[in-house]
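S.K.: Residue strings, one per chain:
Number of protein chains: 2
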Amino acid sequence: MFREKIKVFDCTVRDGGLINDHDFSFEFVRAVYSALSAAGVDYMEIGYRNSKKLFSASEYGPWKFCEDDIINRVIEGIPSKTKISVMADIGRVDPADVKPKKESPVSMIRVASYVKDIDKAIRLVNEFHDKGYETTVNIMAITKALDNELNEALDQLERESKADVIYVVDSFGFLYQETTEFLIKKVKSILKTKEVGFHGHNNQQLAFANTIEAIIHNANYLDATVYGIGRAAGNCPLELLLGFLKNPKFDIRPVLDLISKEFIPLRDKIEWGYIIPYAIAGMFNTHPKEAIALRESDKKEDYREFYESFIDVEEE
Amino acid sequence: MFREKIKVFDCTVRDGGLINDHDFSFEFVRAVYSALSAAGVDYMEIGYRNSKKLFSASEYGPWKFCEDDIINRVIEGIPSKTKISVMADIGRVDPADVKPKKESPVSMIRVASYVKDIDKAIRLVNEFHDKGYETTVNIMAITKALDNELNEALDQLERESKADVIYVVDSFGFLYQETTEFLIKKVKSILKTKEVGFHGHNNQQLAFANTIEAIIHNANYLDATVYGIGRAAGNCPLELLLGFLKNPKFDIRPVLDLISKEFIPLRDKIEWGYIIPYAIAGMFNTHPKEAIALRESDKKEDYREFYESFIDVEEE
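Sequences listed follow chains P and H, in order. For any residue, its number in my numbering is found by taking its place in the first sequence, counting from 1, and adding 6. For any residue, its number in my numbering is found by taking its place in the second sequence, counting from 1, and adding 6.
Just to be clear, a hint being listed does not mean it is correct.
Partner residues are not named here, just some residues of chain P that face chain H (Cβ under 7 angstroms, in silico) [as the list claims (entries may be wrong)]:
#	residue
1	221
2	263
3	265
4	310
5	313
6	317
7	318
Think of the hints as simulated: they come from the structure by calculation, not from any bench. Note that the structure is a prediction, hence the values are computed from the model and not measured. Note that beta-carbon positions come from the ideal geometry of N, C-alpha and C, so glycine has one too.
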């Protein structure tokens, strides 16, 4: 019943960090690692590996930098087969901050890239590969890419990159199942030597459904977050994905405990999930930044005006 | 781009009434009717047509009975092409309460039935049909039906019933897309002379995704509710469905206004939506009653224990 190659990839602390300046407490991150380890989750992305030359450590929490020392303290003493991943944004990472794999607790580095930056992504990912890491390239905002440009980028990734996995990233929560199928099939057809992954956003309550669709069409790397936490509408809820997958190595119960103890109180302090302005942004295939600004204003529930602001733009 | 036969069917007041004893204010129901009319929604189900001989009018609000008089007052003076529907539960409706269609503001009567009650449903639906109403049979808890029994029921519905539409109802929010496809295709293949409908529940954030799946496989009657309101996890959110459909007759904006003004304050008073015990009930293909009881207890956030209560049952 299950496909052994499937890897469940948790982004809770990394994507969730986008709503609190990466300022989760050390104890919280350790609780997440502990629960994911007990649940049998394959990977935990603990944050970004950004350069402290570019961002101030006084303005952001430690999970924006994810230095090896703090990761070592998070994982210390917890029995686990869960591998640690960090994300590297093009132009925000200093490769000198990345030691060879054998000196680091990190197993995987994921490079997030727009189609237009694919040459930079390939150079970066190859460098991390050569240092011994598992690597991915995550194609952000793929629903904005023109077909010919996407085809060329995929072709380059297949020929030139050493990445193990190429991800389809529905950055704006725009995808319906049919287009998810189209994109996953396209990537599979060009990336003959690599695995394919999927990262959904939940603007239209379709992150989990699109992840299932990706599974059906043979994506094997599946991103999710505990209780769907993540910027704006958030992501595919890890607990739903574990409920769906049949591999007996997974145990949903530690994740349920984690939600009870940590995420219910957290949700009272920071906002994510099904919120109409994020749904609208998803329908229009657009970045959530305007919706995030709206939610911080006194017009936070003025949905019609917000919706009409996109129609006006479309008519230009 | 659009399929003209598609009908959007709103169940806001009917399914939402299950969480407040059908006690919405008259003004609220009129605001819903007004918004749905302006949005171009095809049908509004305003409640149940239950018998006052069986239920006390002092214990329930008027939308449990939906007498023609109150419906006339709801719709009076509002320009509208939205048809009114009521639901009839087997054994709870007195056919004597149903006047001929030409004397009533109601256009459609939907009979909700389990597979085991299909003979009763057919008798009832034929009686309503003969009085001049559009009719449906909604097969509840279809994910619990054994295949041979479901096949026989569908065969009977095709041969013996005068219903216009047969609905697949995912009462427990258990369906994933592949099983939705299987069921819709099965119903379409047997019900050659009737339309097929889909009513999802949102336990696993899949009500909208399963509705899309049903559309892909030619279901034309699509249930939804404003902001997903409904018992427990609720239903497919109407605003998402309208955002997906391309028929220019629909306008999402009156629904957005309605959410801003009525549903955001309402959600602070009554609970529905993505709540872990409902997700767990969905995973186990079970009625939400235990989860509803849990939410009313002091163990409302004790998810692991709740999850394990289903494993124990399964091992019996």
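S.K.: State for each hint whether it applies.
M.R.: To see whether the hints hold, each was checked on the structure:
For residue 221/P, the interface hint is violated, the least distance from its beta-carbon to any beta-carbon of chain H being 10 angstroms, above 7 angstroms. Among the interface hints, the one on residue 263/P holds; its C-beta lies about 5 angstroms from the nearest C-beta in chain H, closer than the 7 angstroms criterion. For residue 265/P, the interface hint holds, the least distance from its beta-carbon to any beta-carbon of chain H being 6 angstroms, beneath 7 angstroms. Annotation: interface hint on residue 310/P holds; nearest CB of chain H at approximately 5 angstroms, less than 7 angstroms.
For residue 313/P, the shortest C-beta to C-beta distance to chain H is roughly 6 angstroms, which falls under 7 angstroms, so the interface hint holds. This hint is violated: residue 317/P has a C-beta 9 angstroms from the nearest C-beta of chain H, more than the 7 angstroms allowed. A distance limit of 7 angstroms between C-beta atoms decides the matter here; for residue 318/P the minimum to chain H is near 13 angstroms, and the interface restraint is violated.
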